[in-house]
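Residue numbers (the numbering used here), protein chains in the order written: chain A, 1 to 238; chain B, 239 to 536.
What follows is a set of in silico ranges between Cβ atoms, one per label pair, in the way DEER data are often shown:
#1 GLY469/B / VAL164/A: 31 to 41 Å
#2 ARG202/A / ASP278/B: 47 to 57 Å
#3 GLU328/B / GLU223/A: 29 to 39 Å
#4 ALA517/B / GLN172/A: 18 to 28 Å
#5 LEU170/A / ASN515/B: 20 to 30 Å
These are computed hints drawn from the structure, not numbers from a lab. We put the beta carbon where it would ideally sit given N, CA and C, even for glycine.
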Amino acid sequence: MDKPVGPKKTTSFGDFLGKVKEELFGKIAAGILLGAGAVLVLVWGWFQGFAGSQLESLVIAEMNKPDSRIMKIIEAKISKSVPNFETEIGKASINLVRAEIASGFGDKVGDLTAGRFILSENSPAQTIYLYAPEGHKVILHAKIRNLSDGDRIVIIAPNSNNIVMANEGLFQEDITRILSNTPSSATVNRVMNLSPEQGQFRNFYPLRFQLSVAESRGDASTELEYLAVVTPAISVLK
Amino acid sequence: MRISPFALGCLICSALAVGIGEAGDVRRGWLKVDHTSLRDEAGEVEIHAVSIDEYRHTFRLLVADSLEFRLSDLDKERCENLASNSANAEELKARCLSEFAFANKRSGFGSGALFLSDYYRRTNASLVVSGGEMAIGSYSIPLPAGLVQVDGQVLTPLSDPSILDGVVCLDGPRMGIILAAEFSEELSADCLQTGPILIRFQEISPRLEAAEAFGLYVPARHTFVCVRGNGIVLGISEPVGLLRLANLLVTLDCDDAMRLSSDPIAGVYATGFQSGNEALPVHNAIGVFSDADAIAGP
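With the rest of the complex left out, here is chain B (with noise of 0.2 Å):
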């Protein structure tokens, strides 16, 4: 068999790059980022978005608060040490870690909010979106303007439903969007309050509407999660106003969309992708977990 030097070459790339992936993050997943122009009357719109097989992948809500970033290497190791030789090693090592974080926390440790990228670094993500609108005049101590519910846990409370209508919430494999108004804390899921709604029973909002009237939705980079049929589609666009992108996501037959995030804090970063300037820290991002890697938690 003849081998053409085109395809040897194409060959050997191949490797090498598969090689390279695998050398560089070895427990991390890998999700490929569609980059798709959507058309309409006005034009096109590019969006950079991923479509997530939901009996793949497990998500989670990323809260910068939370245990898993507010302790050191250094504090995990010692805790692991203290907790080796011990029956109940496990409890031990929990009350250990606990304690860390308290003390960190006491010391004017921890940060409150992380830049997306740290996110992605810190955890075994495959992908994280931002998520969340930041409380005005908070991003210094940044706090987050809605609900963040962890494992059931409410972390800030529910904010009016009039100006962030939408709560996403994610349980494991699963991802639903639901109305803030009837958000109810009985669940058990980690969920974060966000909007405006896009798209509700495959309907765009009346209220997106109204609001563009007023002027209200000046063209931005947006993230948005797109509920179907077929699984989760998560993406960020290039800069549009939320009516446009409504109805652009209307071809992807979403029946529910969300806006997550808008610039400048709205950002996507996977391996090998990265949207978003990055310029501001955000208190929560959404991380999709390859399922053999999803993390527990310290």
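Same shape as in the complex, but just chain A (with noise of 0.2 Å):
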């Protein structure tokens, strides 16, 4: 006997579960796609916000740490006995804080030059030297102790532009814009002890510190250190 003719609910209901499985397996890989691909973009962004805005932050966080790094192998490195950081000790350790920084951060960061000075009134002023090629923007990240009510620190270039830091703690800023029109050379020689010719540097500015204080403290001194990043402004920098 034939078998009544009609629609075969069995075959409509696998029909139906193929096209379910079907289109369930299609969203499932679409949102595996979609899902992948969002998070391809948010690691993306990601790392290129790491790679950009977040260094400088990066950098003074890791300064502010109380078990710094940078921190301490500033401290480790540099003899407290040495005032200026053009030394070879100096120059040997800013090479270690380089190669430090370097493998945290890849070849994002240019010229790094760091030092520690006390300021005080009997020697209120101190001068580092910075090579920062034309392009090229520099952030000074700095720690100042025992800076007292009133007192700050000038940071004078060259042609007379200055940034004053009134308080106590980190310091973060672009000092790129106090070093534009200034002289493209500086001469070193009353550091270096070299005649004038041979102390001419292109794109090396000297960057005075100076202490002024609102009332005599005796003795009292203010301590400061530094690490000026000299970066690509391209690459790396908002």
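Fit the two chains together into the complex; they arrive one by one in their own frames, and the hints show the way.
Put into structure tokens, the structure is as follows:
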């Protein structure tokens, strides 16, 4: 006997299930692809952010940690009795700091100049030298200790442009603007005992830190640790 | 006798004021800064100035590079102790101090320039006035643009007299202005080249009008010195052009007058008075010392 002709429920149900499965599989696949894409975009964005705008805050956050790796390196490698970083010990230390930071940040960082000095009423000024080629940006990170109320440290560029640091603690600023319109070379024979001709370097800027105290405090002194990061302006910074 | 409560209050306030002044700064003399409005056709310009009696005061050129500002209190104490039991104490102390100063300079210490308030705080000067130009592009490390001579010793040479045309010389109680072109190193005084000369032999310098016509002198605060028959006037103006300042100073009966500095380094510092924004340190300042308090240096 022929089986009654009619809609094959099982077949229809199978078709339905098949369709559902197909759609579900498609949706799952689409979801996975979409999710993966979103994750990729997020990771890429995060990575870009990390490499770019986050660099500054990471460096300063690193300096601010109680067990700061950067500060430990600076402190461990630099003799406290050396007030000026333009020494062989200083240069070696800068290289170490550069290598340490470069291992963390890749090739996003240019020249680094780091050091520590003490300013007091009797020795109120210290000059550091920065190599900053055209098109580069200079971010200064500094940690100031023992700066009394009303006292200030003035950072003075050769052209008399200046920035005032009036508070203790961390200081971070783009100082490229105070270096603009300055002579593009500096004579450093006063420090390195070179002749004026030998001591001329292009894109080499003397930057003076000078303490101004509101009231005399005898031998009290202000300590400043600094890290100047020179970066290619195009690839790294905002 | 009846004393009104108001009079009693004033008396107590005065006594307190004198007491605080003496307790705060016993050895420092006090000079009164007058705030005067000088008038011309264009209006009024405020001038903050001190009239100095030459018989009761001495003048000295303060130089940031000098020994007195390059030594720490500890250095001075060490040299005092070293020389205290010696027969030739003064000579030994001087040698000790100069060696410390040399060593400090070699170590990168020393300043090359100080804020005006530092000159005031670190000496017993009754008043300090910023003076002298800084060489262009030299604020780090700061270098003077013209002649600086202390006790007859030239620290930086005379620069082009056609740019900085005046030299102010200080010699104990005397102060005078001479033309830079007529300066001779045989003078044994403290001398500082700056300019322009505003008034010469009671006449306004003809250079000013020419320079003003070219728009060289924009309104700014200027410190100035005015030499007149009955003493010296040192002061600072509110923002004004140099030609107008010269015209206004004629009313003070100046025989000679010269600009000492301008914004951003123009400033005057005295007890109870401060003018100028102290934005930048200066290589030189002129110090006025009450006769009894004039310091002899280290």
